[in-house]
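Asker: Protein chains in written order, with our numbering: chain A, 987 to 1320; chain B, 23 to 379; chain C, 34 to 352; chain D, 90 to 598.
Hints may be right or wrong, so weigh each one.
[What the hints assert, rightly or not] In silico DSSO-like links for lysine-lysine, alpha-carbon gap of 30 Å or less: (1) Lys1130(A) x Lys1284(A); (2) Lys94(C) x Lys1130(A); (3) Lys415(D) x Lys341(C).
[As the list claims (entries may be wrong)] Not the full set, but computed from the structure, chain B residues with beta-carbon under 8 Å of chain C: (4) Ser146; (5) Val157; (6) Ile161; (7) Met165; (8) Ser291; (9) Ile349.
[Stated by the list, open to error] To list a few chain D residues with every Cβ distance to chain C over 10 Å, as calculated: (10) Ala193; (11) Ala204; (12) Arg274; (13) Gln319; (14) Ser338; (15) Gly423; (16) Gln429; (17) Phe478; (18) Gly589.
None of these hints come from the bench; they were simulated from the model. The beta carbon of each residue, even a glycine, is placed where N, CA and C say it ideally should be.
Next come the chains, spelled out residue by residue.
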Amino acid sequence: GGNDDSKDSGGGNEKEGFKVGMVTDTGGVDDKSFNQSAWEGIQKFGKDNDLKEGTGYKYLQSAKQSDYQPNLQQLARAKYDLILGIGFLMAEDIGKVADQFKDNNFALVDMVVDKPNVASIVFKENEGSFLVGVVAGLTTKSDKVGFVGGVNSDLIKKFENGFKAGVKAVNPDADIEIQYAEDFNAAEKGQAIASGMYGKKVDVIYHAAGGTGQGVFTEAKNRKKNGEDVWVIGVDRDQVEEGMPENVTLTSMVKRVDTAVEQVSKDTKDGNFPAGKVVEFGLKDGGVDIAPSQDNIKEDVLTKVEDYKKQIIDGKITVPGTDDEFKEYEASLK
Amino acid sequence: MKLERFYGILIPILSIILGMVVGAIVMLAGGYNPIDGFDQLFYGIFGEPYSIGETLRAAAPLIFAGLAVAFAFRTGLFNIGVEGQVLVGWMVAVWIGIEFDLPTAIHLPLALIGAGLAGALWASIPGILKAKFHVHEVITSIMMNYIALYVTNDILRHVIGIENERTESVKESASLASPFLQELTDFSRLHNGIFIAVLAALVFWFILWKTTLGYELRAVGFNKSAAEYAGMGVNKNIVLSFVISGVFAGLAGAMEGLGTFQNMTLNASFTGVGFDGIAVALLGANNPIGVVLAALLFAGLNIGGLSMQQIGIPPELIKIIIAFIIIFVASGYAIRLLIEKFTVKKTEAKKVKGADK
Amino acid sequence: MGFLEVLYIVVPIALAYSAPLIIAALGGIFSERSGVVNIALEGLMVMGAFSGIVSALTLSKMGLGAASPWLAMLIAIVIGAVFSLFLAIPAILFRADQTVLGVAINMLAVGLAIFLVRAFYGKGQTDSIPNRISKENVPFLSDIPVLKMFFANVYYTSYIAIALAFVAWYVIFKTPFGLRLRSVGEHPMAADTMGINVTKMRFIGVMISGGFGGLAGAVYATSISLNFSVTTILGQGFLAIAAMIFGKWNPLGAMGAALFFGFAQAISIIGQQLPLLDQIPQVYLLIAPYLLTILALAGVVGRADAPKAVGVPYIKGKR
Amino acid sequence: MEYVIEMLNIRKEFGTFVANDNITLQLRKGEIHALLGENGAGKSTLMNVLFGLYQPEAGEIRVRGEKVNITSPNVANDLGIGMVHQHFMLVQNFTVTENIILGAEPKAGLKIDRAAAREKVRQISEQYGLAVDPDAKIEDISVGMQQRVEILKTLYRGADILIFDEPSAVLTPQEIKELIQIMNRLIAEGKSIILITHKLKEIMEVADRCTTIRRGKYIGTVDIDETMTQSRLAEMMVGREVNFNAEYSKANPQELVLDIKDLVVKDSRGIKTVDGLNLDIRAGEIVGIAGIDGNGQTELIEAITGLRKADSGEIFLNNKSIKNLKPRKVTESGVGHIPQDRHKHGLVLDYSIGHNMVLQTYYKQPYSKAGIMNYGQVMEKAKTLIEKFDVRTPSPETFARALSGGNQQKAIIAREVDRSPDLLIAAQPTRGLDVGAIEFIHEQLVLEREKGRAVLLISFELEEILQVSDRIAVLYEGRTVAFLDPKETNEIELGFLMAGGKKEEVGRS
Ligand SMILES: Nc1ncnc2c1ncn2[C@@H]1O[C@H](COP(=O)(O)OP(=O)(O)OP(=O)(O)O)[C@@H](O)[C@H]1O
Ligand SMILES: Nc1ncnc2c1ncn2[C@@H]1O[C@H](COP(=O)(O)OP(=O)(O)OP(=O)(O)O)[C@@H](O)[C@H]1O
Ligand SMILES: [Mg+2]
Ligand SMILES: [Mg+2]
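All chains, please: the whole structure from these sequences, using the hints.
Answerer: Below you can see the structure in the form of structure tokens.
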């Protein structure tokens, strides 16, 4: 945590200097996912600009959804120059607080808020998911791949549809098992779902399920240890470590919240706060990508991935994000 | 009798102090300065109109949840299902708030009544099962919590409609928000719900200690056989108690749906309001004033705890402090013994002298 | 997919899912049979998961390898037992309300565990443990058709849990200790007049419960979640309480109830992947385990009588 | 003379209240020593001190001449002291054997050696003639058998000094007879006994000596010999003369109030415990039911009062059927009920006496109006009743729990009588009460009769039945097998009929 000796009673700081703060969602700053990633981005920005943790940059953790607003307000009162809300659940709160504190700059990750003093940072998760879909489609031996989602929602649907599109692009015959755990924190459910899928000869599972995904890794490791040839594709960060020691992480779809956050912080410090704008990070600007750990992917598959990546960046392929877009996309394949 | 009242006040106060002492020790052990920590905590509770507003805002659902648990307790039942009843109440409140277009005078009451009824309906199931089949209410209410979680999510998705995992906001005519209170408290989310919550505490007291129904409910809670002997419908009262408890719980949901959030989000896990309600009820000794005070304490510590993060103290500390406060209150007997030991020693010394003569 | 294939998938999931529940429910039984309500199972599991992961990480670092999760479980048992003193001392010595304490302890466990994780690792959740309890194929047995559903792809901890249920049953119903424990939970004054130390028995009951709770959390953590965070134990303790009541405070009953939960849960999760069941809207599958439990209770099992003196502090000489 | 127990100048305080004030009791070897005193005199307290449950504030205890410090029941057990408590100390869902061996279990390996335990229990029960079923659960056996289990518990531990705290209060006459035989057998085996009882007749019958205490103070110890009489004992106990053999005036029966025809009621296990019962009671008479426990008394009362469904037959009250009405309707039709178990049914112990006084009428004016209670009126009522029936309580606000058993009973009677029911059912109204309290309650019942009420008295005390009833119905296996005039029958005949004997055989037996 941000441990510091100086006391700041939230009543405004006389010292000059740029200050950036973020409010985590309920996952907390160590969620091995986008909260952590965002914090890493801020830390990097802080260090690069010689800011002190606690006074120059800091995070506030939300234990409940109802904590978002007070946390945002705390930072606004303390006259933070840039206040980041992590996670689309904060959209409404950031909108309200932005209205109340018109002089502060806010940024929201993962969702668009239309306010003059709010920048919206969004990602094209579907594009990154497409790439790992390609990997999955080409790696599977059984022609069966799986997707485990946390809670069925528009955001996670982007992961699902991008992934499906990638699989179908390279392996139209592949079966894709889709299941939502309806829970981001139930490792035992993740494990059970994975167990069911692997039991039905699925051999690659892509998860976008947070802590529930932990169970997917557990199941894969157990199976691999017992001689089954199964894989997991991680999400948000490079999850190669989660697959150890059995080395079941095929690759991961990374979402560079850190670079995005760092970028926006830098812009803001330089006086270029993207006020009222939507800043979109896709494959093109490295906002999403396939993880650098690619040792488990075959050479020819990697070539294919590179090929598709180029096509997406060049706009030759538009990756579907919603169910309707996916239907259209699937039709276009035939 | 006077002595009882004295201890009734002394023990909670001592417990709060002792809980803070434990908190200080933990802070020291964790390498934080407890004086700064408490300074920040109290500033976060009382420092500004804003924090007071937020504390009151956070207290409203806790009061309702606490009343819900306490009401059932008073009649000998453990409603551990408040969490689920909060969810359905929240959902129905929001649904009515979105779906209808009515003048405030009708819309808001309708949304509140809807929430209360939804909670009541949900709570009636463990009640009926207990009354009819003697199924232990603790299991059924735990199960009903999970069912509520999944069912509300499903209804949000497929009936009410969501965008980005949340419903649209309730119409202004159904909202508890009060621009006046917000302005007064410097943009806190304080809403009119707090008044309803305090009113509810009054209603709680009135039902149990002033009405004929309350006489019956308490009798059933104390001694089922005697209640049956006296011609009270024991089963009816069990269900009724759950239903009333559920109304309070449903309204706790309405506080969130029509007050704090003005909408409802898909829930990946429980809100925690119901479980906190258990602690609030027990800390408040299942009596309405106690519940209100306990809810304020809870809310204050939680809100104040948020600002402890300003100096890097993790918010978990608040949980530890609250837990110890509850443990100390529960151990009131030990505190009493200690106090009495001091006083009795003196009188005994006198007695011995008297015996010598 | 044939019926047998479905069972080959469902049974191992049910066994894995049930193991921590069985163990925690057994803990609850020891405590409540001695007359102390144990709402604190959730918190005890949190402490178990926490100490299990922290020890497993530390022991792995010390180079203990595959033995580390097993040793970690032993440590979690001890930590759980010690932590249960927060329930035992106020409840037994200070006549504190046991339900109140349980709620407080659940809160304390989460707060303390995360606080300590921050203190130890400087972050809010631990890394994954490198050495875990894995699923195994029991030699020979896992190759026999039909039978293999119980022996292929299973955790040994599931067998341990089931074995513990039998041991607990034997201890509670066959040994002098069990007789005394139950007498203290049914009629402490009678036990007292028979020269049984009520206080001591209740301490033992609660601390055994703490040990079981700790073990349950550690089993979950070292075999399923593999790390510890604030959400690792989220409701399992309450399900264990439900299993305990469902099983009528009998170890074998609780085991049956936990297995039933596991089975229902497995069906509900796998349902989406099965023919026919996949046509059912997901919400019905999600609520099925809980609904089935309620129906089972209302229809078949019916009344469950708790130990008579459970929740009542024993005050010498009070009538 | 050799004393096995000497309790010298014992003082026991509860807070500021002195329950035992300088009491001395000396038990000789091989004697039955009665301990006599009113309710709340401090008898149980004294014995609990001896048994190690309480620590005395002052005084000395010697066992077989040795000064001892009895810090716990364990120590008492080791000294050979066993106690049969006033309120049984039995685990309801344990078997007889389990209850007996608890705390001193024979072992086979890790396991309880059940075979050995059962054998030992059987052996002791044969030796002392205490018939029990070693495998029965306590909750399934009669009170008499439960008491035998209590005695076996002490014998199993090798006690040779036995304390019996009101053992006969809950027993039927037959069982009391057996108990007396058992006590005599124990004495013959060399044991010594302290016996607490309110029944002076028992003292006269079995005791060798009697120690009396009053309000915690020692009054004296006397020999029970030819010169001793019941009235002298009673006088010692209460400090005044007691008229416990009062002759009450003659009844004057009027119109029919209760008429039961061919009633069949099943108990919780589904057994027809009331099986074709006929009974009628007229206004202005007391009908006593004589019967051994378990012959349908409980189910009969429950069926009349609506607490249990009747299977067939009819129950008429004032010519209207009240069969299977809800308890409330029955009450409103004019039935009052002094229940057998005052703690379970009669009172809400955590309610004040005032609250308890309106347990069936709380919803009526003036206590309740439009759903709102008027507690002022409730307390007013309570005050009147407390005064009228001499209920000893600090105030109507006092919790029922804090009252002594006798006063709790008075409160119930006050409440039931005050409602002026046409039919008053009194089930074991004097159980466990001292003679003074019994006298009061009997007077109340007769007073009700004189007011023209029909009274149904159920009691296991034949003496009480004979003394108070105007007519006796003998209950056997769920049927009234005989109606007798108390003037023309006696305990022997009643006992014979209650055991299933036929009326015409009485003379011959
Ligand atoms: N645990 C206790 N705490 C406080 N006071 C007590 C307690 N037990 C008994 N007393 C007091 O001691 C007095 C004596 O009680 P005790 O039970 O010995 O009477 P008793 O002579 O056995 O009466 P009974 O004939 O009804 O059994 C009671 O009147 C009561 O006031
Ligand atoms: N545990 C207790 N704590 C405080 N006071 C008690 C307790 N038990 C009994 N008393 C007091 O004891 C007095 C008499 O109680 P006790 O039970 O001895 O009466 P009793 O006539 O013997 O009743 P019973 O017939 O039920 O044995 C009451 O006034 C009550 O205040
Ligand atoms: Mg008594
Ligand atoms: Mg007594």
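Asker: Per the stated criterion, does the least C-beta distance between Ser338(D) and chain C lie above 10 Å, as a non-interface residue requires?
Answerer: Given that every Cβ of chain C is farther than 10 Å from that of Ser338(D), nearest at about 39 Å, it holds.
Asker: In terms of Cβ atoms, is chain C entirely out of 10 Å range of Gly589(D)?
Answerer: holds, 35 Å
Asker: Holds or violated: is there a CB of chain C closer than 8 Å to the CB of Ile349(B)?
Answerer: holds, 5 Å
Asker: With chain C as the partner, please determine if Ile161(B) meets the hint condition of a C-beta pair closer than 8 Å.
Answerer: holds, 4 Å
Asker: Against chain C, does Gln319(D) keep a CB gap of more than 10 Å to every residue?
Answerer: holds, 30 Å
Asker: Using the nearest Cβ pair, does Val157(B) come within less than 8 Å of chain C?
Answerer: Holds - the Cβ of Val157(B) comes within 8 Å of chain C, reaching about 4 Å at its closest.
Asker: Would you assess whether Arg274(D), listed as outside the interface, keeps its beta-carbon beyond 10 Å of every beta-carbon in chain C?
Answerer: Holds: least Cβ distance 23 Å, greater than 10 Å.
Asker: Would the hint on Ser146(B) be counted as holding, given a Cβ-Cβ threshold of 8 Å to chain C?
Answerer: Not OK, violated: Ser146(B) not within 8 Å of chain C, min 13 Å.
Asker: Would you settle whether the hint for Ser291(B) is holds or violated, based on the nearest Cβ-Cβ distance to chain C being less than 8 Å?
Answerer: For Ser291(B), the interface hint holds, since the closest Cβ of chain C sits about 6 Å away, which is under 8 Å.
Asker: Beyond 10 Å from every Cβ of chain C: is that where the Cβ of Gln429(D) lies?
Answerer: Non-interface label on Gln429(D) holds, nearest chain C Cβ at 19 Å vs cutoff 10 Å.
Asker: Just to be careful, I want the Cα atoms of Lys415(D) and Lys341(C) compared with a cutoff of 30 Å; is the pair within it?
Answerer: Satisfied, since the Cα-Cα distance of roughly 29 Å is no more than 30 Å.
Asker: Confirm or reject: Ala193(D) is not an interface residue toward chain C, with every Cβ-Cβ distance exceeding 10 Å.
Answerer: Given a closest Cβ separation of 8 Å, the condition is violated.
When the structure is compared with the earlier hints, violations turn up for hints 2, 4, 10 and for no others.
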